[in-house]
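Read top to bottom, the protein sequences are chains W and H.
Throughout the first sequence, residue numbering follows the numbering used here, covering 1 to 113 in sequence.
Throughout the second sequence, residue numbering follows the numbering used here, covering 114 to 226 in sequence.
Treat the hints with caution; some may be incorrect.
In silico DMTMM-like cross-links for lysine to aspartate or glutamate, where the CA-CA straight-line distance does not exceed 20 Å [unchecked claim]: (1) Lys105(W) with Asp59(W); (2) Lys22(W) with Glu2(W); (3) Lys170(H) with Glu2(W); (4) Lys42(W) with Asp120(H); (5) Lys68(W) with Glu56(W); (6) Lys42(W) with Glu157(H); (7) Lys42(W) with Glu196(H); (8) Lys22(W) with Glu5(W); (9) Lys37(W) with Glu157(H); (10) Lys170(H) with Asp199(H); (11) Lys127(H) with Asp176(H); (12) Lys68(W) with Glu2(W); (13) Lys68(W) with Glu5(W); (14) Lys105(W) with Glu157(H); (15) Lys58(W) with Asp199(H); (16) Lys105(W) with Glu2(W); (17) Lys37(W) with Asp84(W); (18) Lys184(H) with Glu141(H); (19) Lys170(H) with Glu181(H); (20) Lys42(W) with Glu214(H); (21) Lys184(H) with Glu165(H); (22) Lys37(W) with Asp199(H); (23) Lys37(W) with Glu83(W); (24) Lys68(W) with Glu83(W); (25) Lys22(W) with Asp59(W); (26) Lys105(W) with Asp199(H); (27) Lys127(H) with Glu181(H); (28) Lys58(W) with Asp17(W); (29) Lys124(H) with Glu196(H); (30) Lys42(W) with Asp17(W); (31) Lys22(W) with Asp84(W); (32) Lys57(W) with Glu214(H); (33) Lys105(W) with Glu39(W).
Think of the hints as simulated: they come from the structure by calculation, not from any bench.
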Amino acid sequence: GENVEQHPSTLSVQEGDSAVIKCTYSDSASNYFPWYKQELGKRPQLIIDIRSNVGEKKDQRIAVTLNKTAKHFSLHITETQPEDSAVYFCAASINSGNTPLVFGKGTRLSVIA
Amino acid sequence: DTGVSQDPRHKITKRGQNVTFRCDPISEHNRLYWYRQTLGQGPEFLTYFQNEAQLEKSRLLSDRFSAERPKGSFSTLEIQRTEQGDSAMYLCASIRDSSYEQYFGPGTRLTVT
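Required output: the full structure, derived from the provided sequences and hints.
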């Protein structure tokens, strides 16, 4: 089955700097890669996603890149703000969101003001 | 509130007791997923439904776990003879067929003493 590895497990950045979180997946059939943000005690919320027919997607300060050949994808957050502090999870699935998501273990991002 | 709701939000039970959780998905969403999340980990898939049909169960779902979605609307997850290892956050998510984003509920935090 699918396995998703996520690095780093913790990341601290100064406010205004960029943050990059990387994930690799094992199943070449995976075609949908969402990123969820989870604040303490709250539900995971989708912040951006990418499908396998696209190499990059951007939404304001957040971007995701996908390398299908290498089976890895990354989240990029620019101009970080204290409210970006949270745990971020990458995930993969083989049939868009209609099959179970396989999540990475998460990255705890701390943005230091 | 038109989001995914879960009840109860917190449950403390003694080892050996049975517990039941409820999830109400977004009304037009016909797929419903159960995930379990332990501290410091990403959500792990347990089982999912398309309408009232249970399509897949994870190996994580032991015989003590059972889930239902009798009318294709709300779902229940029952754990019999709870063990301390069952302590976790149980998350429900829903999605409409042919969509991508799984919407998560706030979760039920189970503590087995």
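Now the hints, each set against the structure:
1. At most 20 Å may separate the alpha-carbon atoms for a hinted pair to count; Lys105(W) and Asp59(W) exceed this at roughly 24 Å.
2. Straight-line distance between C-alpha atoms of Lys22(W) and Glu2(W) comes to about 16 Å, which keeps the hinted pair within the 20 Å bound.
3. About 15 Å separates the Cα atoms of Lys170(H) and Glu2(W), which keeps this hinted pair within 20 Å; it holds.
4. Of the pairs offered as hints, the one joining Lys42(W) and Asp120(H) holds, with about 15 Å between alpha carbons and a cut-off of 20 Å not exceeded.
5. Pair hint Lys68(W) plus Glu56(W) holds up; C-alpha atoms about 11 Å apart against a cutoff of 20 Å.
6. As the CA atoms of Lys42(W) and Glu157(H) are separated by approximately 17 Å, the hinted pair is consistent with the 20 Å bound.
7. Of the pairs offered as hints, the one joining Lys42(W) and Glu196(H) is violated, with about 25 Å between alpha carbons and a cut-off of 20 Å exceeded.
8. The straight-line distance between the Cα atoms of Lys22(W) and Glu5(W) is roughly 8 Å, inside the 20 Å bound, and the hint therefore holds.
9. Of the pairs offered as hints, the one joining Lys37(W) and Glu157(H) holds, with about 16 Å between alpha carbons and a cut-off of 20 Å not exceeded.
10. The suggested pairing of Lys170(H) with Asp199(H) holds, with an alpha-carbon distance near 17 Å, which does not exceed 20 Å.
11. Of the supplied pair hints, the one linking Lys127(H) and Asp176(H) holds, its CA atoms being roughly 19 Å apart against a limit of 20 Å.
12. Pair hint Lys68(W) plus Glu2(W) holds up; C-alpha atoms about 14 Å apart against a cutoff of 20 Å.
13. Proposed proximity of Lys68(W) and Glu5(W) is supported: the alpha carbons are some 15 Å apart, at most 20 Å.
14. Under the criterion of a C-alpha separation no larger than 20 Å, the hint pairing Lys105(W) with Glu157(H) is consistent with the structure, at around 10 Å.
15. In summary, the hint linking Lys58(W) to Asp199(H) is not supported, as the alpha carbons are separated by about 39 Å, beyond the 20 Å threshold.
16. In summary, the hint linking Lys105(W) to Glu2(W) is supported, as the alpha carbons are separated by about 14 Å, within the 20 Å threshold.
17. Of the supplied pair hints, the one linking Lys37(W) and Asp84(W) holds, its CA atoms being roughly 9 Å apart against a limit of 20 Å.
18. Restraint check: the Cα-Cα separation between Lys184(H) and Glu141(H) comes to about 13 Å, which is no more than 20 Å; the hinted pair holds.
19. For the hint linking Lys170(H) to Glu181(H), the alpha-carbon distance of about 12 Å falls within 20 Å, and the restraint holds.
20. Distance check on the hinted pair: Lys42(W) and Glu214(H) sit about 17 Å apart at the alpha-carbon level, within 20 Å; holds.
21. At roughly 6 Å between alpha-carbon atoms, Lys184(H) and Glu165(H) fall within 20 Å of each other, so this suggested pair holds.
22. Taking the CA atoms of Lys37(W) and Asp199(H), the gap is near 24 Å; set against the 20 Å cutoff, the hint is violated.
23. A hinted pair counts as satisfied when its Cα atoms are at most 20 Å apart, and Lys37(W) with Glu83(W) qualifies at roughly 11 Å.
24. For a cut-off of 20 Å, the pair hint linking Lys68(W) to Glu83(W) is broken: about 31 Å separates their Cα positions.
25. Distance restraint check for Lys22(W) and Asp59(W): the Cα-Cα separation of roughly 18 Å lies within the 20 Å cut-off, and the hinted pair is therefore satisfied.
26. For the hint pairing Lys105(W) with Asp199(H), the CA-to-CA distance comes to about 19 Å; that is within 20 Å, so the pair holds.
27. Restraint check for Lys127(H) and Glu181(H): the C-alpha separation of about 23 Å exceeds 20 Å, so the hint is violated.
28. Of the pairs offered as hints, the one joining Lys58(W) and Asp17(W) holds, with about 17 Å between alpha carbons and a cut-off of 20 Å not exceeded.
29. Between Lys124(H) and Glu196(H) the alpha-carbon distance is near 14 Å, which keeps this suggested pair within the 20 Å criterion.
30. A threshold of 20 Å between alpha carbons decides the hint, and for Lys42(W) with Asp17(W) the separation of about 25 Å lies outside it, so the pair is violated.
31. Under the criterion of a C-alpha separation no larger than 20 Å, the hint pairing Lys22(W) with Asp84(W) is consistent with the structure, at around 17 Å.
32. Taken as a hint, the Lys57(W) and Glu214(H) pair is honoured in the structure, with Cα atoms around 16 Å apart against an allowance of 20 Å.
33. Proximity of Lys105(W) to Glu39(W) is assessed by CA-CA distance (about 15 Å); at most 20 Å being required, the pair is judged to hold.
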